[in-house]
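Required output: the full structure, derived from the provided sequences and hints.
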Amino acid sequence: LAKTTQPISMDSYEGQEVNITCSHNNIATNDYITWYQQFPSQGPRFIIQGYKTKVTNEVASLFIPADRKSSTLSLPRVSLSDTAVYYCLVGDHAGNMLTFGGGTRLMVKP
Amino acid sequence: DAGVIQSPRHEVTEMGQEVTLRCKPISGHNSLFWYRQTMMRGLELLIYFNNNVPIDDSGMPEDRFSAKMPNASFSTLKIQPSEPRDSAVYFCASSFSGGRGEQFFGPGTRLTVL
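Just so you know, the sequences run in chain order A and B. All residue numbers for the first sequence refer to my numbering, where the first residue is 1 and numbers rise by one. All residue numbers for the second sequence refer to my numbering, where the first residue is 1001 and numbers rise by one.
Do not rely on the hints blindly, as some may be mistaken.
Stated by the list, open to error - With a Cα cut of at most 30 Å, we get these calculated DSBU-like pairs of lysine-lysine:
(1) B:K1078 - A:K54
(2) B:K1068 - B:K1078
(3) A:K54 - A:K109
(4) A:K3 - B:K1078
(5) A:K69 - A:K54
(6) A:K3 - A:K52
Hints are computed from structural coordinates only; laboratory data are not their basis. Please read all numbers here as calculations on a predicted model, not as lab measurements.
Below, the structure written as structure tokens:
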């Protein structure tokens, strides 16, 4: 079971880059890494997914080192609206062993 | 598309009563997930269906919980009998391609068992 570990909380200021790291030491060969964002009273929302190296989309980048035992979500130039809980999820294409981390509560300050 | 639809949005019941939560996934999605979220335990996967077939129910807490997916557009999560420790927000999510694909979450059902 690929258990994940994330920092409980992080603070940042508007305009800064934020990097949130997730540890998944027991990640399996077939596992992908996915990050979700959750606002209060809403379901999580997909941000980005990757298998190795680097993935970038319009909202974030995901960095995965060669050993894949960790991953880093990078949010460029955060705004107040990025205040949310961010979850790291590890699981394979069959949905086996889907494991959400405890989430990182990001607080963006003006 | 209206997204994943869950009902009811809020449910308050008394201990011992049967509770049924309902989910309509996004049309065309072949995978459906039920999650439970609490402050203490975070977001937990309860059960995962692929093409209406339960693939992984290892997260279902105990025999009081059961889930069905009679067709591609409907699923239920039933708790019988309910207990106060079942109080949580229950999310349903669906995706195109199993656990790997982007999961689209519903708004959740907030269950309170008194």
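For each hint, the structure was consulted:
no. : hint              : verdict
1   : B:K1078 - A:K54   : violated, 41 Å
2   : B:K1068 - B:K1078 : holds, 8 Å
3   : A:K54 - A:K109    : holds, 28 Å
4   : A:K3 - B:K1078    : holds, 28 Å
5   : A:K69 - A:K54     : holds, 14 Å
6   : A:K3 - A:K52      : holds, 18 Å
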